[in-house]
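Listed here are the chains, written in short residue letters.
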Amino acid sequence: MLLEIRDLKVIFHTIRGMVRAVNGVDLMLNQGEIIGLVGETGSGKTVTGLSILRLLDQNAEIIDGKIIFDGRDLLKLPMNEMLKIRGKEISMIFQEPKAALNPVIPVGDQVAESFMVHERITKSEAKKRVIEMFNRVELPDPERIYKSYPHELSGGMAQRVVISMALALRPKLLIADEPTSALDVTIQAQIMDLFKELVRQFKTSVIYITHDMALAAEISDKIAVMYAGRIVEVAKTEEIFEEPLHPYTRGLLRSIPDVKRRMKTLFSMPGEIPSMLNPPPGCLFHPRCPDKMEICERKVPILKKVDEHEVACFLYG
Amino acid sequence: MHEVITLALMDYLKSEDFRITLYLVRKSPLTMLGMTLTISLILFAILAPYIAKQDPIEQDPSKRLLPPSPEHPFGTDQLGRDIFSRVIWGSRISLTIAVIVVAISFSTGTVLGIVAGYFGGKVDELLMRITDMFMAFPRLILAMAVAAALGPGIFNTVIAMAFVSWVYYARLSRASTLQVREEMFVEAARAIGASNLRILFKHILPVTISPVIVQATLDMGGAILTAAALGFLGLGVQPPTPEWGVMVSEGRRFITEQWWVSTFPGFAILLATLGFNLLGDGINDILNVRSRR
Amino acid sequence: MGDSMIEIHNLRKYFPVRGGVTMRVLGHIKAVDGVSFSIKRGETLGLVGESGSGKTTLGRTVIKLIEPTDGRIFFEGRDITKLKGKDLLPLRREMQIVFQDPYKALHPRKRVKDIVGEPLIIHEHANEEEVRKGVSEILKLVGLDPEHMNRYPHEFSGGQRQRIVIARALILRPKFLVLDEPTSALDVSVQAKILNLLSDLKQKFSLTYLLISHNLAVVRQMAERIGVMYLGKLVELADADQLFENPLHPYTKGLLSSIPIPDPKAAKDKRRIRLIGEIPSPMNPPSGCRFNTRCPFAKGICSEEEPPFKEVAPGHWVACHFWEELGGAIS
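Residue numbers (my numbering), protein chains in the order written: chain A, 4 to 320; chain B, 80 to 372; chain C, 23 to 353.
Same shape as in the complex, but just chain A (with noise of 0.2 angstroms):
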């Protein structure tokens, strides 16, 4: 077991009042896995990626739950000891290739930073790592990449850069928030695959973070759904196209339009994401869901194993 979340609650203090970004979320990783965590706006996806680095934000707050990596709770490091994880334990890439870069420095230059922070080598022989690197996430010409400034490249560049800085240092963990959603859909492709071919080359554990379910297809072994600040199912991911059993997954999964067929109308689910500042009672699907059942608005469902899935609804006990 490399990662164990358990029971993660994460509020944020806003003018409005309080929101529960992240309500309860409970999950495992492997080492070695990957795991998909798949969810439209507001379902604490982000905020749950951000959480395992404390990498939040000033006006969010963990009131509750323990991040179990490599055997130590990382919620209860001190900083500098976070800091030794960062980077090089646990690497995180973000969605805007761009905003994790400094543009002001070449990007060989910040590359090589990853590798002087935390091993004690010369710039000149992290040079030769980071074109090293360089050629491994199959960056034409390494040596002008290196002394490029960001905006002299373009988004799918940037993101091999960043990739390469987050892999740098062989992380046993690396969480991607959305990677690819900035590029054009054959950049992405090329890009997934590169990110495929290099965490299996390197037997990286990986936490994908993605509102696309076919993306997190690509990738996952396993697939964890989120909805509201929970996790609604966990399965491999076969089993969650093959027979998903959360009405949730279900209505996602009808909603995605297929480019195989045109179909008279699109299949959509009623309602809408709740409001997290005055979420409804029960369970936070309830009011969209086509099962729902009595006990559905008074009690919140928690997740449990059913067949293959970990599923938190109440038509399954």
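Because the hints were derived from the structure by calculation, they are not lab data.
Hints are not guaranteed to be accurate.
[Said to hold, decoys possible] Residues of chain C placed beyond 12 angstroms of chain B at every Cβ, according to the derived structure:
# : residue
1 : E151
2 : S221
3 : N237
4 : F319
5 : A335
[Said to hold, decoys possible] Straight-line alpha carbon distances no greater than 25 angstroms define the calculated BS3-like cross-link-like pairs of lysine-lysine that follow:
#  : chain 1 : residue 1 : chain 2 : residue 2
6  : C       : K126      : B       : K281
7  : C       : K162      : A       : K267
8  : C       : K106      : C       : K86
9  : C       : K287      : A       : K199
10 : C       : K224      : C       : K155
11 : C       : K155      : C       : K226
12 : A       : K126      : A       : K150
13 : C       : K108      : B       : K281
Only a predicted model underlies this, so the values are computations on that prediction, with no experimental measurement involved.
Don't be surprised by glycine CBs; every beta carbon is placed ideally from N, CA and C.
Chain A is fixed; fit chains B and C onto it per the hints.
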């Protein structure tokens, strides 16, 4: 034209944005201090007849240069006038000048700025060159020159100061407009057939007003200071009108022995300017923090 | 012309790039570089492409939100290419656009009533009462509660905001609508609702759509015919079914094979046509066929001569020197 501005202002004051800003103001002690000072100033100005019962202009040579006492909390000046009531009544003068100056320069400058920013081209070039010329001089020096040319008096003081200040609003609103005109909702307005005039005043102006309001608040403090400076130099308001700067100037002769003549009006200038500056800075910080989110 | 609502001939839009101290013109971004097609009355034409394809610029140029550099635009048989200023105003009643980002397309400080009602004020000089009535009616038609017309945009969710954008576009009952990535900024579950709404409205108001999107699945659902753009040019145009079952242009094939499939079994078997390299800059497009630098099948002539855009099967157009040799669907 000025109705449009007022409408835009009213809209802003009714908006959620403004309420959130107020909430955040309450959370910052320095800003609250600024707000307190400012509101006090305004109250003093409005309630002057009730607070300062003694006539600020009436001279009484028998009472000249008396130190502070219960009867004359700030003492009397060289003509026997009660300084306390002069300071209180002086707040009216200073505030009136500041408000009128800021109102004129704010509206003129903003309108010119958004027109230049939106249309670009030669109109913009022209405005930029004109504002460059004005901004080449220190504001006070320029105001002094214009005031000297126009002659003394409240009216001329106001003209001189407004003449000098509008350029800063023009630059600010122009910069803001350059950004806003690329926004999707402006494009949407063009798509439905809105004329340029309509877009300028109903779409762009309401949005550019926020940063300019901050500047206006800060400027009030600056205006009070400038009016006092002009008064001090004899270029602005003339005696016997109880303007703080004039009062400080008149008290120079007595500063070693009868320190109160200059000091109290001096403090008034200090606190009034400080109040507006703290308030303006605080609002600035709030708006910047919020735009970062 | 007959049945066509929109016809564009050789449309070009170049954006000058200025630089240096003197701000002289360094070059041009050839956003749209010679595109021709027609849209039939009642049809939905889909336009797909990635960054730099020019599809967004094209959409805006067709309705004259952007001035074309060259070429002609016909609306219901009338040449509208050179219309400007006041003459353009009546056109705005008939052609409208739905924008991509509902969080940016609505004025943050205006009430919904004023945003949606503005076209009525501009075109019909409507008074308060008439505005209220018109806005109420259209809000109901897009699935919103007219009682909420006094609220501000930020009080609505993304899906609702997009409905407001649609309401504003439709309040004058136009005939033609450009849909610029209408659901890209929305969640999947909301996207379906908005697409269904757009389909319903199309029926109800007998609309014609130009649907611009980078999402092929969305376009599949909504469009009868689809055009594929690359670096300012149309590379393929065909009936939707034809395009997906029998794509002829290598770029189309690459695009189709790049789409992630929500089906893990199929995803594992899928062989990708991998497009190498980056999308070139529209300021300096490659010579000859613009796609040649990334095309896995490119040969000699491809970098020298631009392939003509021709109809190789009924209703199926393609611009490729080797379309015939490469023909056939991809897995």
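| Hints broken by the structure, by number, lowest first? | none
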